[in-house]
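A.B. asks: The lines below spell out each chain.
2 protein chains.
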Amino acid sequence: MNSPLATLNTQWRLIARPAGEVGREHFQVTRPPLPEPGLGEVRVRNLYLLIPPSMRLWMNEKETYFPPQPLGEVMAGITLGVVESSQDPSLVPGDYVNGLGGCQEWFVAPAAQLQKISPRPGVPLAAYRSVLDVQGLTAWCGLTEIGRPQAGETLVVTAAAGSVGSLVCQIGKRLGLRVIGIAGGAEKCAWLRDECGVDGVIDYRHDDVAARLDALCPEGIDIVYENVGGPVMDMLIERLRFKGRVVLCGLVSSYNGGVTQNTGSLMTLVNKAARMEGFLVSEYLHRYQEVVGTLQEWVADGSLKYQIEVLEGLDSVVDAIGRVFRGQNRGVQLVKISDEGQR
Amino acid sequence: MNSPLATLNTQWRLIARPAGEVGREHFQVTRPPLPEPGLGEVRVRNLYLLIPPSMRLWMNEKETYFPPQPLGEVMAGITLGVVESSQDPSLVPGDYVNGLGGCQEWFVAPAAQLQKISPRPGVPLAAYRSVLDVQGLTAWCGLTEIGRPQAGETLVVTAAAGSVGSLVCQIGKRLGLRVIGIAGGAEKCAWLRDECGVDGVIDYRHDDVAARLDALCPEGIDIVYENVGGPVMDMLIERLRFKGRVVLCGLVSSYNGGVTQNTGSLMTLVNKAARMEGFLVSEYLHRYQEVVGTLQEWVADGSLKYQIEVLEGLDSVVDAIGRVFRGQNRGVQLVKISDEGQR
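Line order of the protein sequences matches chains C and X. Residue numbers for the first sequence follow my numbering, beginning at 1 and rising by one. Residue numbers for the second sequence follow my numbering, beginning at 1 and rising by one.
Take these hints with a grain of salt, some might be off.
[To be verified] Just a few of them, taken from the derived set where beta-carbon distance is under 10 angstroms, the chain C residues facing chain X:
{"#": "1", "residue": "220"}
{"#": "2", "residue": "263"}
{"#": "3", "residue": "280"}
Don't read these hints as lab results, they were simulated from the structure. Just so it is clear, CB atoms sit at the ideal spot from N, CA and C, and this is done for glycine as well.
Just chain C, same shape as in the assembly (with noise of 0.2 angstroms):
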């Protein structure tokens, strides 16, 4: 939003590997003249830039499900955007997009790199930026594909005030499952009650997890659904139900290093013929349109809930990927690059 006369671009760039926590002296800003897109490419401006808490991890030297990120290169992000100059016939000038647009104003990219988004009247522009993506397709095939639930199972869900824990949770009622949410602090937990609805919330701030575990779920735990890992992970495997499963969606409470799991836990997996298993959302883009789809409608008629909060301005990165790892944001962590009317 800081772009006079809109010649020159903003770009994020990370110039040093951050060992703990994120901050600023991890990032250089540039600020080159806009892009031209070529042949069969577009120009994008960004409107809205998603902190994921992954995004803490691309940042480390060690390879994940995505390449790590260049020193000196623009901060990889995952943007939505609107197009504004097209050399591509699939869109034009005015679509709405999501793609990899990096935290920067603008970029250029093949268009066939990018979704185009066809907004639906009554569901904000920036539910397509967290909801209804590839969050939304994580939580779903997350749960159903490797928890394989049946009606009736316990379910625990961790960092469940999250994008995806509380989808999560709201897929799980769905599919009859008594759902426990784990979040921090009684605010997020309150929502999950009362909103999201489900059946019992541990706040792992200040309850007594085991003790509350133990009386939310006397007969043990059929599917946990993880997002944090560390010592409550611990206290999820170990009660697990014979061939109970951990859906490994993340384990954020690692990403800024050094957590350990007690080995010990892990042997439940051994007694309880246990099943603990990481997927990739990329594994099911073929389910994308079906389940976004059904999102969609659920967002629309209200019945879906979800939080989002937008920090105002690129210069806000530093700080929404710190929210997200000090679990201070309110459900999906966005920052807003700029306005939808801008320009």
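Using the hints provided, position chain X relative to the given structure of chain C.
C.D. replies: Below, chain X without anything else, positioned relative to chain C:
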């Protein structure tokens, strides 16, 4: 072997739960009169006692796949014995049986709880208390049902010279896998390479395990057959290929307490959409005849290699458990409680 006139039994009872290593002070020896079988029961003289790594685990307070050993009771034990007197038509004196005979010279049990063995000529009796029973079934079913191997894939086995591990290595080779065995010490590694025919060995006591894994598995690992846990398991998980599998058979490094995994290494399960799964051999008892029958053929024709180490007398139980824990035994550890021909 110290039963004068054989009118008194000798029983080892657990009287205190060990915090770390097992010692003589955790047991009390009692010498009650010989038990007499009631209707439907038999009296069995124990010949061989199996010392599996998990025996240490039964002594802990926490329930595993076995109920915790009650203090003051005869220590549980997996034995092979000979029927001495029978009050059930299904067994006659002289029959060999496998069962949960405990750490004692004689026991009485319902005939229905025992498994009759018909030793094949040329196959030593001790083999029926080791490879040709649950250990063979554990190796076979863990590898095939949980590992779901495809010919040409790379399998890494920990505790590879152990009773289960060495069978997994050889079954893996017969299934067309590339097999790497990890074991402690040059002698075990040489046996795996020269006798069991594995493709590569790593001596975790003397080799740089990570460097050796990189050299032996440059394309990564498809299947880990895990018996140990701890830091080496972290290294194995970190090298899993896409859709890799960790067959969790046991985590012996944790049985004495206090071992941790790196949560970050578990993140590889997410990044590679990989699976870690435990199992209980009791799920596969329907395959017992098929699997043990095949293994018996391979033992009889000399093509299946195995090692049995026998310590003499019930007094050596503590020593035997310690040897298994320190990895000092070669192959299956048995305690010989009495001679076949005795009495």
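A.B. asks: Hey, does the residue 280(C) contact hint survive, CB to chain X under 10 angstroms?
C.D. replies: Holds - the Cβ of residue 280(C) comes within 10 angstroms of chain X, reaching about 5 angstroms at its closest.
A.B. asks: Holds or violated: is the Cβ of residue 263(C) closer than 10 angstroms to a Cβ in chain X?
C.D. replies: holds, 4 angstroms
A.B. asks: Was the hint right that residue 220(C) lines chain X, CB cutoff 10 angstroms?
C.D. replies: Residue 220(C) check fails; min Cβ-Cβ to chain X is 12 angstroms, beyond 10 angstroms.
The structure is inconsistent with hint 1 alone, although it conforms to all the rest.
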